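Given chain F's structure and the hints, the job is docking chain G onto it.
Chains as they are written, first to last, in the working numbering: chain F, 1 to 382; chain G, 1 to 382.
Derived from the structure by calculation, the hints contain no laboratory data.
Be careful, since some hints might not be right.
Each pair may be met inside one copy or between any two copies, as identical chains are not told apart.
[Said to hold, decoys possible] Computed list of lysine-lysine pairs in DSS-like fashion (alpha-carbon distance at most 25 Å, straight line):
| # | residue 1 | residue 2 |
| --- | --- | --- |
| 1 | K243 | K75 |
| 2 | K252 | K136 |
| 3 | K371 | K331 |
| 4 | K243 | K331 |
| 5 | K175 | K342 |
| 6 | K342 | K313 |
Source: prediction; values computed, not measured.
Protein chains: 2
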Amino acid sequence: MPSEIPADSVGYVEPQIAYFNEPLPLRSGRTLDSYQLVYETYGTLNAQRSNAILICHALSGHHHAAGYHQASDKKPGWWNECIGPGKAIDTNHYFVVSLNNLGGCHGSTGPISIDPSTGEPFGPEFPIMAVRDWVKSQARLADQLGIDCWQAVVGGSLGGMQAMRWSIDYPSRLKKCVIIAAAPKLTAQNIAFNEVARQAITSDPDFHAGYYFKHQTLPRKGLALARMLGHITYLSDDSMREKFGRDLATGKLNFNYEIEFEVESYLRYQGEQFSDTFDANTYLLMTKALDYYDPAADFDHDLSQCLSKSQCKFLVLSFSTDWRFAPVRSKEIVNALLRAQKPVSYLEIDAPQGHDAFLFPIPEYVSILQKFLAHPGEPDAH
Amino acid sequence: MPSEIPADSVGYVEPQIAYFNEPLPLRSGRTLDSYQLVYETYGTLNAQRSNAILICHALSGHHHAAGYHQASDKKPGWWNECIGPGKAIDTNHYFVVSLNNLGGCHGSTGPISIDPSTGEPFGPEFPIMAVRDWVKSQARLADQLGIDCWQAVVGGSLGGMQAMRWSIDYPSRLKKCVIIAAAPKLTAQNIAFNEVARQAITSDPDFHAGYYFKHQTLPRKGLALARMLGHITYLSDDSMREKFGRDLATGKLNFNYEIEFEVESYLRYQGEQFSDTFDANTYLLMTKALDYYDPAADFDHDLSQCLSKSQCKFLVLSFSTDWRFAPVRSKEIVNALLRAQKPVSYLEIDAPQGHDAFLFPIPEYVSILQKFLAHPGEPDAH
Chain F
1 MPSEIPADSV GYVEPQIAYF NEPLPLRSGR TLDSYQLVYE TYGTLNAQRS
51 NAILICHALS GHHHAAGYHQ ASDKKPGWWN ECIGPGKAID TNHYFVVSLN
101 NLGGCHGSTG PISIDPSTGE PFGPEFPIMA VRDWVKSQAR LADQLGIDCW
151 QAVVGGSLGG MQAMRWSIDY PSRLKKCVII AAAPKLTAQN IAFNEVARQA
201 ITSDPDFHAG YYFKHQTLPR KGLALARMLG HITYLSDDSM REKFGRDLAT
251 GKLNFNYEIE FEVESYLRYQ GEQFSDTFDA NTYLLMTKAL DYYDPAADFD
301 HDLSQCLSKS QCKFLVLSFS TDWRFAPVRS KEIVNALLRA QKPVSYLEID
351 APQGHDAFLF PIPEYVSILQ KFLAHPGEPD AH
Chain G
1 MPSEIPADSV GYVEPQIAYF NEPLPLRSGR TLDSYQLVYE TYGTLNAQRS
51 NAILICHALS GHHHAAGYHQ ASDKKPGWWN ECIGPGKAID TNHYFVVSLN
101 NLGGCHGSTG PISIDPSTGE PFGPEFPIMA VRDWVKSQAR LADQLGIDCW
151 QAVVGGSLGG MQAMRWSIDY PSRLKKCVII AAAPKLTAQN IAFNEVARQA
201 ITSDPDFHAG YYFKHQTLPR KGLALARMLG HITYLSDDSM REKFGRDLAT
251 GKLNFNYEIE FEVESYLRYQ GEQFSDTFDA NTYLLMTKAL DYYDPAADFD
301 HDLSQCLSKS QCKFLVLSFS TDWRFAPVRS KEIVNALLRA QKPVSYLEID
351 APQGHDAFLF PIPEYVSILQ KFLAHPGEPD AH
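One chain only, chain F, in its complex shape:
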């Protein structure tokens, strides 16, 4: 943390927990009898409860999107660049809710939680989640918070898929929908990368079919591998060239099977860091939710039809060098919305960072996000 809380920061925040005892029927056919969601809020809910914005997180994200938990925090929340007083998602005007999704490993009920029916962690027995399940659980959180209608639901990547799902499943409960660096469904190549990541985890002998806690171990190597691979797909070829090029780790070539290039060293570090902080079963579950996402499948694969009941305004954003969910994938969403005669703004932002760009405070990006969320046509936006 900086020595002083910056003026545009939400400052210290404390996670809260919402408990749910009504069973949640899931896409998979299974049911979660009871569960909890950990969430944070930034800004103040107005008297009409009409100024709330929901933030949906991506694959390895969580509820801590802005501010600091304590003075010793090295970094603020993951989307601190965009959430705060005067920022694109302006906490002077909005009440921002950010949660950890079900199946996560940061405080919401998930594979590392204790299954009340066994007294053991759920582990691999935790039900597989679909994006629609998350959205349903988020709607129940909105109910608990007394929020009938979100001013906006906003998300990047897998978070953008949730925002889109909100507009389909709860058309009357959001006024604006911001879908950033997302796609209407994964391609075979996207699924293939996820499958390699999953195989890396499940092939780790420390995985023990997901029951690694029982064996008092963790599939660190497999999870690190999965993260390394994921990481490559989050960056652009250009940004990796810019960041590492062919720089050598020790200043010279050593002609052995150790690290030779900086990029190898970087990736290993990223993998190791991640495997210390993330749960392997959660990683599997999140990649599966990505694979399954295909809302148009219930509408004879007509995305336009699928979005036809939506009532909100859409902002769809993509980034020029994103090859995980390339601009052409965002345009599929835009075209479907246009065919359905829905109000949609679209911008492909020129950015070298690849898929990761959605986390960077790129001026054009921040500016359009801010303008869209502060649209004067929405009387209760301020």
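Below, chain G alone, put in the same frame as chain F:
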């Protein structure tokens, strides 16, 4: 094999072995005291020994490029589509030599060979190979075969890098150089994918630091993972969409951690097949040779300078959907050749197959290859 040998096939072929007792000093600083190279030849060497073409193989390739070893062979050699009587590399006119590179696992000296100094397989102690080492060993094979000058050196991917290296290291020993789907050096992203593949192998507990034979095991899972990942990078997003889309493996979603999509099933099969037939240490070595390749590094990173002594004609080919070595990478080679005022023809071939396109008999591709190799300006081409 078809019930009859097709008229445009080289028919039955038999691998041959060349033995070398002169020590081979390597880029790494190490030396290989003696070694053997397995190779095949197709067509007839003319009296002037001037009609020979060298085929250089890619990462997982080998010497068996055309024809059949026996009637029970399910498939012919890996480049059978382009090598044969009347084909692009026409064995009615040319004497084609195709070898397995040093460090390979198909008969040339490599990690699975017995180290004469220990009586055990070399395993991880086999020296790391650089492309220049392969080219040097190929030049010695040419010496043994009495071939002073190749009519052409031809290769795709890592094979194209060898062809390019020939023009740099032995400018007077080739008349034509065909560099297909290659790059002058790997990008950070290319290296990153290789590193993940290597980590997959070395993290497999059956790898045993490369001494898996001693432990009577094989790092099958790691090698399968490496191959799955490689395979994704050989295909284009489009070709995967075309081939698999989001087709389901069992016709319905099962919401478990087993295979859901066809593409997952295909990749697992590819990985398993490969891990039964390829050596893990060889895979590591081949990826390292790719990483190290950067001929311009010895010329102050001036690729044009690096190619300035070449005396051959060049054909550089790329494929529109290849994202492993995209057309822009081939153009780097072409631009360097043009700056060096070398004769070069370049074509980007429209092909949906991604990097793998170089193995397909795409008419435009086959046609330009054939025309380049039969150029009438070369009196001894026929």
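Taking the hints in turn, this is what the structure says about them:
In this homomeric assembly, K243 and K75 come within 25 Å of each other (Cα to Cα) only inside a single copy, at 21 Å, whereas the closest approach across copies is 44 Å. Within a single copy, K252 and K136 get their C-alpha atoms only as close as 55 Å, which misses the 25 Å cut-off; across copies the closest is 23 Å, which meets it. Proximity of K371 to K331 under the C-alpha cut-off of 25 Å is restricted to the intra-copy arrangement: shortest distance 21 Å within a copy versus 42 Å between copies. Only between protomers do K243 and K331 lie at most 25 Å apart by alpha-carbon distance; the minimum there is 23 Å, versus 29 Å within a single protomer.
In this homomeric assembly, K175 and K342 come within 25 Å of each other (Cα to Cα) only inside a single copy, at 12 Å, whereas the closest approach across copies is 62 Å. When the C-alpha separation of K342 and K313 is checked against a cutoff of 25 Å, the pair qualifies only within one copy, where the shortest distance is 7 Å, while the shortest distance between copies is 57 Å.
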